[in-house]
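> Protein sequences appear in the order of chains U and G.
The first sequence begins at 1 in my numbering and counts up one residue at a time.
The second sequence begins at 1 in my numbering and counts up one residue at a time.
These are computed hints drawn from the structure, not numbers from a lab.
As the structure is a computational prediction, the values presented were derived from the model and not from experiment.
The beta-carbon is built from N, C-alpha and C at its ideal position, and this holds for glycine as well.
Check the hints yourself; a few may be wrong.
Stretch-level coverage of chain G by chain U, calculated; a stretch enters the list once three of its residues show a Cβ under 8 Å from a Cβ in chain U [what the hints assert, rightly or not]: (1) 9 to 16; (2) 32 to 44; (3) 272 to 283; (4) 363 to 373; (5) 384 to 390; (6) 395 to 405; (7) 589 to 603.
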Amino acid sequence: MSMSEKKITVPIESTKWIEFDPNICNRCLDLEEPRCVKACKMDMLMTNPDRSKPPLVIYPDECCDCGCCVHACPLALQEAIKLNFPISEQVRWKNKETGKHYRIGMPNPPPPNKKPPVSGWYPEAKE
Amino acid sequence: MSFKGFSEWAYPIQYGSTKKVDADVLVIGGGIAGPWAAIEAAKKGVKVAIVEESDNVASGPSGCDHWGPALDNPCCNISVEDYVEIADAGFRGYINGILDYVNGMTSYKTLLELERMGAKVRDDQDEFVGAPFRDEKTKLLFAYDYETKHTIRVWGQGFKLALYGEMLRQEVEMYNRVYVTSLLTEGGKEGARVIGATGVNTRTGEFYEFKAKAVVLSTGRASDRPWLYSGYRINGLRTPNLVGSGLAMAWRAGAELTQLEGKRIHTASKHPAYATGNPRNTWYPCNIVDATGKEIPYVSLDGKVLTSFEQRVYPSLLGKKIIMPGHVPVMNEGKASWCAEPVCLSEKPEFDELVRKGEYKLPLYADLTNMSEFERKAIFGLMVGSEGKTWIVYRNLTQAGFDPDKDMLQYYGDWFSGGAVLDATTKRGWTMATGSGVVVDWDFKTTLEGLYAAGDVIFGSNFNSAAATAGRWAGVKAAEYSKKASSPVIEESQVNNEMVKAFAPTKRIDGIDWKDLNTGISSVLRTYFGDYVNDELLNIGLTWLNELEKKEAQELVAANPHELMRSLETLNLLTVSQIMIHSALNRKASSRSLNLRRLDYTQDDPPEWHKFVTIKQVDGKVVAGELPIHFWLMPPYAPTYRENYEQHKPW
Chain U
1 MSMSEKKITV PIESTKWIEF DPNICNRCLD LEEPRCVKAC KMDMLMTNPD RSKPPLVIYP
61 DECCDCGCCV HACPLALQEA IKLNFPISEQ VRWKNKETGK HYRIGMPNPP PPNKKPPVSG
121 WYPEAKE
Chain G
1 MSFKGFSEWA YPIQYGSTKK VDADVLVIGG GIAGPWAAIE AAKKGVKVAI VEESDNVASG
61 PSGCDHWGPA LDNPCCNISV EDYVEIADAG FRGYINGILD YVNGMTSYKT LLELERMGAK
121 VRDDQDEFVG APFRDEKTKL LFAYDYETKH TIRVWGQGFK LALYGEMLRQ EVEMYNRVYV
181 TSLLTEGGKE GARVIGATGV NTRTGEFYEF KAKAVVLSTG RASDRPWLYS GYRINGLRTP
241 NLVGSGLAMA WRAGAELTQL EGKRIHTASK HPAYATGNPR NTWYPCNIVD ATGKEIPYVS
301 LDGKVLTSFE QRVYPSLLGK KIIMPGHVPV MNEGKASWCA EPVCLSEKPE FDELVRKGEY
361 KLPLYADLTN MSEFERKAIF GLMVGSEGKT WIVYRNLTQA GFDPDKDMLQ YYGDWFSGGA
421 VLDATTKRGW TMATGSGVVV DWDFKTTLEG LYAAGDVIFG SNFNSAAATA GRWAGVKAAE
481 YSKKASSPVI EESQVNNEMV KAFAPTKRID GIDWKDLNTG ISSVLRTYFG DYVNDELLNI
541 GLTWLNELEK KEAQELVAAN PHELMRSLET LNLLTVSQIM IHSALNRKAS SRSLNLRRLD
601 YTQDDPPEWH KFVTIKQVDG KVVAGELPIH FWLMPPYAPT YRENYEQHKP W
């Protein structure tokens with residue numbers, strides 16, 4: 001069997017580091033390649049061979065938290081794609097007045113802070 | 001991670017097929033320097049191709065929160081000459097004076113080009129009217145030094161897309177997802193003119209043969225992968241696909257490199273970049289407080305405790321001329337005394353002792369709550385929120401409820417402090433020094449004919465602006481060269497050899513994966529090229545690396561083109577590691593500036609070793625050389641920065 005005939009596959013692992021909401025993700029069907037896949041520096045997102053489904057996360061431990069995939073998504077603020085930091089990287093903080101401790105990813109989290117960055121969310125992301 | 005099953009590979013496999021590309025100028029690497037080089041070369045009317053391992057839309061660092069030193073901006077009141085002299089003294093001469101001068105002279109002009117391409121570089125929406133760091137006329141916002149105004153706060157998240165759009169307008173041919181494996185030379189000979197490159201598509205496995213009259217190398221510097229890779233996530237300040245690939249390729253082609261013996265203390269990143277506050281650059285000059293709310297003071301370079309916030313941003317209050325945090329590593333005689341470089345005491349080695357004595361209580365917090373609204377908004381809302389790479393930090397923190405008006409972010413120490421008491425899990429190590437890179441001249445030409453270079457792959461380069469300004473310069477020079485150069489003839493045997501080497505991991509069924517080899521290389525570097533070295537340690541380390549090259553590197557297996565890319569990166573990482581040890585063996589002296597601590601030559605920077613040690617490969621053998629400090633102001637160059645700039649400037 002020659003190399004070009006060998007069946008090429010990729011292992012898929014369970015991960016929550018990158019999550020797609022299949023009900024919101026529109027697969028970027030207007031493009032040959034979904035925007036998140038195109039933006040990934042580490043190429044650890046793969047266009048789903050079944051184009052009716054969201055992209056696949058391949059090699060999740062190569063993710064470097066750059067967030068380019070979420071940043072590139074026009075439906076990022078609707079959470080079509082989410083980048084969840086690994087547990088060890090879930091940054092912690094303390095409320096100055098109450099002294100209460102918090103972290104990203106905690107159960108029963110406080111309500112989101114809705115304030116956008118200066119000059120608003122990046123134009124790619126629309127609320 | 002738990003294995004769920006296999007997916008069919010989404011892309012057509014094209015192992016065995018070759019795509020040939022012909023261009024006047026080939027740019028290798030699409031981060032910051034590369035696109036700028038491509039754009040400027042294309043403006044000269046030549047055919048330009050740019051090849052990038054990721055995709056030009058978001059490759060390279062992808063973010064930028066401060067731009068500079070933009071000494072040519074209309075508000076700046078320090079001269080380029082003075083700035084270069086301060087940097088020079090601070091780094092004891094181990095700088096790239098060519099780059100520092102060119103950047104100082106063209107940084108703001110380059111930022112205006114970015115603005116013309118559609119990027120946001122000033123507060124045109126008047127969100128900071130009245131802020132002490134805002135110039136009301138130009139609406140520019142300044143970082144770090146509100147008096148000298150050498151560095152500009154910017155909305156970096158739009159920079160890459162602006163460059164991408166401009167490359168499309170300039171009809172630059174983009175080859176994305178192609179990992180370049182080698183430089184092609186005339187006659188296939190080492191040390192000869194560079195006339196192209198080979199590469200592999202990281203999705204299809206198709207082989208690429210690029211032919212070009214001139215080549216610009218802009219592949220960056222290594223990330224954390226040499227010393228700090230552990231087989232698990234490889235996040236860090238620099239994108240982990242960076243392994244110094246360009247250095248390895250340039251080395252094999254016979255180019256001269258320098259300062260590869262230099263390294264700096266670095267900790268494995270435990271948190272997303274800039275997500276915990278860092279008083280050294282992006283978060284400068286934020287307050288750091290202890291568990292009881294007690295503020296930890298900033299101290300100046302010469303040890304003076306700063307008593308007011310204003311002293312962090314107005315150098316004259318400290319009797320100094322300039323503040324440039326994180327830029328100047330050592331105090332030196334001469335004009336370095338002009339520089340205040342305040343840093344939070346929590347970053348100093350003596351802080352550990354103060355914690356043990358109970359003077360400060362852990363943990364620490366980055367506290368923006370009692371800073372001015374302008375500072376809070378500039379640091380968190382602009383520099384974190386709109387930088388690009390840290391957009392996700394802003395997004396995830398605010399979604400989780402963090403509010404900088406009320407909350408204090410836990411602070412764990414930054415990459416350079418070691419942070420021993422701040423975080424017991426800190427994995428302290430080293431990273432390639434800022435100084436390490438390819439030797440270039442005033443044209444940003446390497447020692448090889450036809451090969452130009454810009455960005456972090458050249459010696460003494462750092463920051464977005466320096467990559468951009470050098471990239472532009474190199475792009476024009478390469479285009480001009482290509483107009484006069486003869487049409488290259490590719491040596492087919494060289495291409496065939498590269499093809500065989502590149503695809504070897506796809507031919508094997510059983511063997512080892514790249515992670516095993518990468519972890520092995522890191523283990524050798526940490527053991528034999530760590531805090532302290534001597535000839536014996538270095539030689540043993542080199543022996544083990546050479547053995548890895550002969551044995552395990554020949555056993556790499558790649559199941560698909562993606563794994564092949566990581567395998568080829570790791571092979572280049574092995575070459576870079578060998579070069580680093582060869583370089584250290586050739587500097588028989590310690591050097592504080594280069595962080596080289598030798599147990600067999602303990603004197604720090606003795607006069608006879610105060611020079612650049614260079615290294616290259618000739619007939620497969622390592623040949624060391626040297627260049628004097630300030631070689632760029634010595635024959636064949638003119639004696640002053642200004643004269644050289646005027647003689648070589650491309651515009």
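> Sort out which numbered hints this structure fails and list those numbers smallest first.
The structure breaks hints 2 and 7; every other hint is satisfied.
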